[in-house]
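The listed protein sequences derive, respectively, from chains A and B.
For any residue, its number in our numbering is found by taking its place in the first sequence, counting from 1, and adding 9.
For any residue, its number in our numbering is found by taking its place in the second sequence, counting from 1, and adding 9.
Keep in mind that the hints are not guaranteed to be accurate.
The list treats identical chains as one, so a pair stands whether inside a single copy or across any two.
[As the list claims (entries may be wrong)] Taking lysine to any residue and the SDA-like style, the derived pairs with C-alpha atoms no more than 20 Å apart in a straight line are:
| # | residue 1 | residue 2 |
| --- | --- | --- |
| 1 | K113 | E143 |
| 2 | K525 | H201 |
| 3 | K112 | D26 |
| 4 | K167 | E143 |
| 5 | K461 | A28 |
| 6 | K423 | D517 |
| 7 | K177 | A84 |
| 8 | K461 | R280 |
| 9 | K235 | C273 |
| 10 | K336 | D370 |
| 11 | K177 | L144 |
| 12 | K527 | S29 |
| 13 | K494 | I16 |
| 14 | K167 | G111 |
| 15 | K465 | Q501 |
| 16 | K21 | F530 |
| 17 | K423 | R519 |
| 18 | K527 | V457 |
Calculated directly from the structure, the hints in this document are not laboratory data.
In case you want the letters, here they are:
Number of protein chains: 2
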Amino acid sequence: MDRQEWIDRNRKYSVIDSASGFALNLAGMKFTPAQLDALKPKFAAAHQEMVKLEAGAVKNPDEKRQVTHFTDRAAYPSDPVFAEVEAFAAALRSGELKGGTGKKFEQLVVNGIGGSALGPQLMQFALNGPYWNELTEAKRQGWLRIYFVDNTDPAGVKDALAALDLEKTLVLSVSKSGGTQETKNNTIAFAHAFAAAKLSFVRHAAAITMAGSELDRQARSEGWLKVIPMAESIGGRTSETSVVGHLPAALAGVDFRSFIAGACHMDQLTRDPEILANPAYALAATWHIAGNGKGDRNMVIVPYSDRLVLLSRYMQQLVMESLGKEKDLDGKTVHQGLNVFGNKGGTDAHAFIQQLNDGRDDFFVTFIESLQDAMEIPIPGGVTMGDYLHGFETGLSNALLERGRQVIQIQIAKVDAFNLGMLIALYERAVAVYAELVHINAFNQPGVQAYKLASKGVIELTLAVQAAVGKLAGWKGSAADFAAKAGLDASQLVEIEGLLARLAANSDTRPIGAVKPKRRFDAQAASWIYEF
Amino acid sequence: MDRQEWIDRNRKYSVIDSASGFALNLAGMKFTPAQLDALKPKFAAAHQEMVKLEAGAVKNPDEKRQVTHFTDRAAYPSDPVFAEVEAFAAALRSGELKGGTGKKFEQLVVNGIGGSALGPQLMQFALNGPYWNELTEAKRQGWLRIYFVDNTDPAGVKDALAALDLEKTLVLSVSKSGGTQETKNNTIAFAHAFAAAKLSFVRHAAAITMAGSELDRQARSEGWLKVIPMAESIGGRTSETSVVGHLPAALAGVDFRSFIAGACHMDQLTRDPEILANPAYALAATWHIAGNGKGDRNMVIVPYSDRLVLLSRYMQQLVMESLGKEKDLDGKTVHQGLNVFGNKGGTDAHAFIQQLNDGRDDFFVTFIESLQDAMEIPIPGGVTMGDYLHGFETGLSNALLERGRQVIQIQIAKVDAFNLGMLIALYERAVAVYAELVHINAFNQPGVQAYKLASKGVIELTLAVQAAVGKLAGWKGSAADFAAKAGLDASQLVEIEGLLARLAANSDTRPIGAVKPKRRFDAQAASWIYEF
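All chains should be built: construct the whole structure from the sequences, respecting the hints.
Here's what the structure looks like:
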């Protein structure tokens, strides 16, 4: 392509919102006008579905529910819950509402996983930065430090406890269903920790969950400090603009109203039926063409911004959990999906981007640039540090294009709440309309059922193994011997061996009754031997 | 596969190191004995190359250098540099060596990018945890807090400065070549910040770089507190077991000797010529078979450990920068590569793993499990939190296998320095031998040259644009008008528009002489209009 064609293509395939300074530039993607035209009927149909969605149709047929994240957020700032959350946060900040021993709350544990954690983590990192917790109370203007416990790893709890002063800590458990096992486990762990410190957990506990859920019932019956309801019609991975994003943000001093305003502004832009006037549709169109409607290229997301390093992790959930589906809406097996990864530029140029330049041509990359620099840092020679960051981005983009690789460029005015809202709303809409193009349900996650069931089976086996070990003091033998001796299902030998290995590794801190299982390797038998 | 076959396959394709408790289980990968056999001649040749590599052959022909990370680390603990680093760290910890104003060093800035940052970040997070910086001096036993500045984003510098007390801060600049622009920019930024605070930067500055490099000359001529040399024969992405990993680790109280011991232990295990006795060869063999020797499947790395969340980012660089190559060793165009992504389990099961379960079958996943729990947290019902983590891993693995997906499982005894050393050495060797199998140079990164050159061009254009803007006070028009007016190359209009957008966005904090560029969108012309 000669330079003039390239310049024209940039003009033709840029979607610019002059009000916010947002721009999406798709010139670096390989598609022809004919390919875009061919998608028009699909988009016309998809657009009708998006209209229905916003009008309240059941768009998640598996769960028989509406999908209201696009519409609820416009109404949310005038909802009484919004005011309640703000008032709660203000009361903690001012010290009007104190912990059980009369101390001001200074630390917040957000206990949630997946959709209940990734959005709050992204927002906290993007808007308050990596070192927020280390800033003085004055620099934080009285807002709370934040800690995320987003798994069921004892190490995560231990690390948080080492940094927390429980007398000043609020534990916020977030689970839409209220039954998420990982979150439940952490609630139990913190309740134990408070009890061990002779503190009242319930006076330091808050919850966000659906009304009537297991967590809701527990929190209300025990008299937790605060329980905030969340809507059934908002899925976890699209809950960041709801109370799930709001409460942690409010407690850390984030201007959530501005974040919502940004999301709603993008919602306005992305209700346009014209593909090239609608940044979400334009984005989805290029994803579809690049990946042959099957996700044949990985989506690499590289924001040129330290503060946005978690964006790709957030988008990874949003895109892959929404689009990674076995069946389409007619029940046909399609194995859809779209892989997402990336960290941040220019750093990634010193890491995996060697492969993007030279290696497999199996991706398209999305660069996201903030026009405004956080600070002017002059570098001798007449430019600033920000000019270098921009120079590296432009240089890399040109080098990739030169080699025939595909590049999307997004500009935002700056990294702030409004623009973060725009970015999230953009991808939420792009994912929803892409799902329509490939005729799948973007709002369920059926794939997790199988593994949850299988995990339950392992927990049952764990109990059986422990019970047997407890009765076999003094015994020794292989895992197969053990299964036979204990009358356990020998077909589960692989799982049993895994459980015995753990019992042996943890026996010092967790004996099974009087038994402290050990293991040693018998080289001749090529097998571990366990001793109880 | 029936259960007995499955159990036999687990036994047959597990590589167990009983001394350390390490195990690699490849049973969940789809390969036949015949496919493994077919690789034997390739492995025999590759093994000879690995032997040559360790004997000191030039294995990076582009850069005409040896590759010594496997061998140097065995000797490193008895090298005088090792003792020098430990003594330096001890002197800072004790306060024997103080900052320019006589205060004890309490904070360390690691200024480095790519290979100079990812390893230290991984190690710090894995061994000292996410909240190390928030722990009291007593809990840190006098060791330093750590901050990473790993880009050239002014936001990164600003965030670090907000958390730092410069009188107590050591800035460690790490650049093998000594000419890395991003690192140089940060050095300049910190030198400015110290000067602005009327503090002596050189009494707070240290460097790790090759003897004779630009950074080395600067540090020595200015009299920096410490300069530690690094070997030319160790590449950035394999430098974590060298002084690059050592100095930051030592300053944060990490037992680096144990880390090296772990790496060397794995080096011993991975010098075995037999594929199934050598965990690195076995791993590389399954990568090769799964991806048809071309990386046709993404490598998803999911450690079931909060502390290891950065492992996939580290492996992403190690694998993709090493294997993502255009040419093979004979100059043939091959476009090799192997995509890597992932975060941590069980968390990821609530994010992208929906797609792995149900969506595209275009990956293999590697689960990494620590047998020892960080803490015993009992959950009502008779199991612990760690049992749940294990249960979720096993359940997910079984669910994936049930659906015909491919799974590698790695067990380590616990998350500590020794085991981290083992993991890093395992993947270093696997990558090196895989590169031999596909006949590429694993140790160069030619793809970055093109983008560095292109970036340099953008910086030159930046200077030209700024110079022109400074002379055009009162002028207004489009970017095209500007290019014509200023006599700039109109073929670079896309780049010029990008630069003008930045000047407008930052004009309040960075006027160009007397000019504060603004822009507004002219809807009729569908173009930004700039006003100087």
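Outcome of the hint check:
When the C-alpha separation of K113 and E143 is checked against a cutoff of 20 Å, the pair qualifies both within a copy, at 17 Å, and between copies, at 19 Å. When the C-alpha separation of K525 and H201 is checked against a cutoff of 20 Å, the pair qualifies neither within a copy, at 24 Å, nor between copies, at 59 Å. For the homomeric pair K112 and D26, neither the shortest alpha-carbon distance inside one copy (47 Å) nor that between copies (52 Å) is at most 20 Å. Both within a single protomer and between protomers do K167 and E143 lie at most 20 Å apart by alpha-carbon distance, with minima of 19 Å and 14 Å respectively.
For the homomeric pair K461 and A28, neither the shortest alpha-carbon distance inside one copy (46 Å) nor that between copies (34 Å) is at most 20 Å. With identical chains, the CA atoms of K423 and D517 are at most 20 Å apart between copies only, with a shortest distance of 14 Å across copies and 53 Å within one. Taking CA atoms no more than 20 Å apart as the test, K177 paired with A84 passes in neither setting, with 33 Å inside one copy and 49 Å between copies. In the homo-oligomer, the alpha carbons of K461 and R280 never lie at most 20 Å apart, since the shortest distance is 37 Å inside one protomer and 40 Å across protomers.
Taking the closest pair of Cα atoms, K235 and C273 never come within 20 Å of each other, the shortest separation being 28 Å inside a single copy and 53 Å across copies. For the homomeric pair K336 and D370, the shortest alpha-carbon distance between copies (14 Å) is at most 20 Å, but the shortest distance inside one copy (28 Å) is not. For the homomeric pair K177 and L144, the shortest alpha-carbon distances inside one copy (16 Å) and between copies (16 Å) are both at most 20 Å. For the homomeric pair K527 and S29, the shortest alpha-carbon distance between copies (14 Å) is at most 20 Å, but the shortest distance inside one copy (63 Å) is not.
In this homomeric assembly, K494 and I16 come within 20 Å of each other (Cα to Cα) only across copies, at 18 Å, whereas the closest approach inside a single copy is 76 Å. For the homomeric pair K167 and G111, neither the shortest alpha-carbon distance inside one copy (25 Å) nor that between copies (35 Å) is at most 20 Å. Taking the shortest Cα distances, K465 and Q501 sit within 20 Å of each other inside one copy (14 Å), while across copies they are farther apart (60 Å). In this assembly of identical chains, K21 and F530 lie within 20 Å of each other by CA distance solely across copies; the values are 16 Å between and 67 Å within a copy.
Taking identical chains as interchangeable, the C-alpha atoms of K423 and R519 lie at most 20 Å apart only when they sit on different chains, with a minimum of 15 Å there against 51 Å within one chain. Within a single copy, K527 and V457 get their C-alpha atoms no closer than 34 Å, and across copies no closer than 51 Å, so neither meets the 20 Å cut-off.
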